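Numbering-wise, the numbering used here puts 115 at position 115 of the sequence shown, and it's gapless, one number per residue.
Everything labelled a hint here was simulated from the structure, so no lab data went into it. One should not assume that every hint holds.
[Unchecked claim] Here are the simulated SDA-like pairs of lysine to any residue, each with C-alpha atoms no more than 20 Å apart in a straight line:
hint, residue 1, residue 2
1, K17, A60
2, K91, A60
3, K90, T132
4, K91, I120
[Stated by the list, open to error] Label-pair restraints from in silico Cβ distances:
hint, residue 1, residue 2, range
5, R105, A50, 51 to 59 Å
6, K91, P20, 31 to 39 Å
7, D19, I39, 15 to 23 Å
8, Y61, S147, 45 to 53 Å
9, G143, Y61, 13 to 21 Å
10, E65, A45, 16 to 24 Å
11, G153, G112, 50 to 58 Å
12, T77, G153, 27 to 35 Å
13, Q118, H22, 50 to 58 Å
14, R127, G69, 26 to 34 Å
15, R78, R130, 24 to 32 Å
16, Q66, R130, 46 to 54 Å
17, A83, G123, 22 to 30 Å
18, Q113, N27, 31 to 39 Å
From a predicted model like this one, the values you see are computed outputs, not experimental measurements. Idealized CB from N, CA, C, for every residue including glycine.
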Amino acid sequence: MPKLATSRQASGSGTLKIDPHHVDALNDLDNVALRSLWIEHFGRAPPFRARKSLLIDCLAYRIQEQAFGGLAMSTRTRLRKLASDVNEGKKPILLFQPSIKPGTRLIRAWGGQTHEVQVIDDGFTYRDQRYTNLSEIARVITGSRWSGPRFFGILRSNPAKEVSHGQ
């Protein structure tokens, strides 16, 4: 299957078509061809000083998006909300944080001691001190960086397998 194909439109001008399964073929094009494709797929000229690598990455995404579909509306909405929160100086709430109800006690044995963490409305308490996340507590307990949810055993063994990307 050819990676690049040229077709003639009714006007007689040649246009370059990229197979969405082989967008790596964009790497073989010069800047003139990339800028022409950009106009075809985005309806406007690319940014004036855009690097070739940026043109290739954006075009590859756009070609595949047009062929196979883009992000789900819920994903686009969530990304806009996260961007808005960051622009307003708010700390974004991550989607994949484990949801633990206030009042839950997390117990972990480490270094010959039993460590107990209480979940509260806006974070956690450990040894009468408040913390905003479990990773801070895991560091206090172990003296090194840990994923707090993993340290306390509340993450699945391989969450990446269960996350649906792009949906």
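Going down the list of hints, with the structure as the test:
With a CA separation close to 12 Å, the supplied pair K17 and A60 stays within the 20 Å bound. For the given pair, K91 sits about 32 Å from A60 by alpha-carbon distance, which is inconsistent with the 20 Å threshold. For the hint pairing K90 with T132, the CA-to-CA distance comes to about 15 Å; that is within 20 Å, so the pair holds. Proposed proximity of K91 and I120 is supported: the alpha carbons are some 18 Å apart, at most 20 Å.
Judged by the Cβ atoms, the range 51 to 59 Å given for R105 and A50 holds: they are separated by roughly 53 Å. Take K91 and P20: their Cβ atoms lie about 38 Å apart, and the range 31 to 39 Å holds. A hinted range of 15 to 23 Å for the beta carbons of D19 and I39 is consistent with their spacing of about 20 Å. A hinted range of 45 to 53 Å is violated for the C-beta pair Y61 and S147, which are about 30 Å apart.
Checked against the given bound of 13 to 21 Å, the beta carbons of G143 and Y61, roughly 43 Å apart, lie outside it. Our hint of 16 to 24 Å for E65 and A45 holds, since their Cβ atoms are close to 19 Å apart. Distance hint check for G153 and G112: the Cβ-Cβ separation is about 18 Å, which falls outside the suggested range of 50 to 58 Å. Remark: the range hint 27 to 35 Å for T77 to G153 is upheld by a beta-carbon distance near 32 Å.
Between Q118 and H22 the beta carbon distance is about 55 Å. The supplied range of 50 to 58 Å therefore holds. About 51 Å separates the C-beta atoms of R127 and G69, a value inconsistent with the hinted range of 26 to 34 Å. Taking the beta carbon of each, R78 and R130 are about 29 Å apart, inside 24 to 32 Å as hinted. Under the hint 46 to 54 Å, the C-beta atoms of Q66 and R130, about 50 Å apart, fit the expected range.
At about 25 Å, the beta-carbon gap between A83 and G123 stays in the expected band of 22 to 30 Å. At roughly 56 Å, the beta-carbon separation of Q113 and N27 lies outside the given 31 to 39 Å, and the hint is violated.
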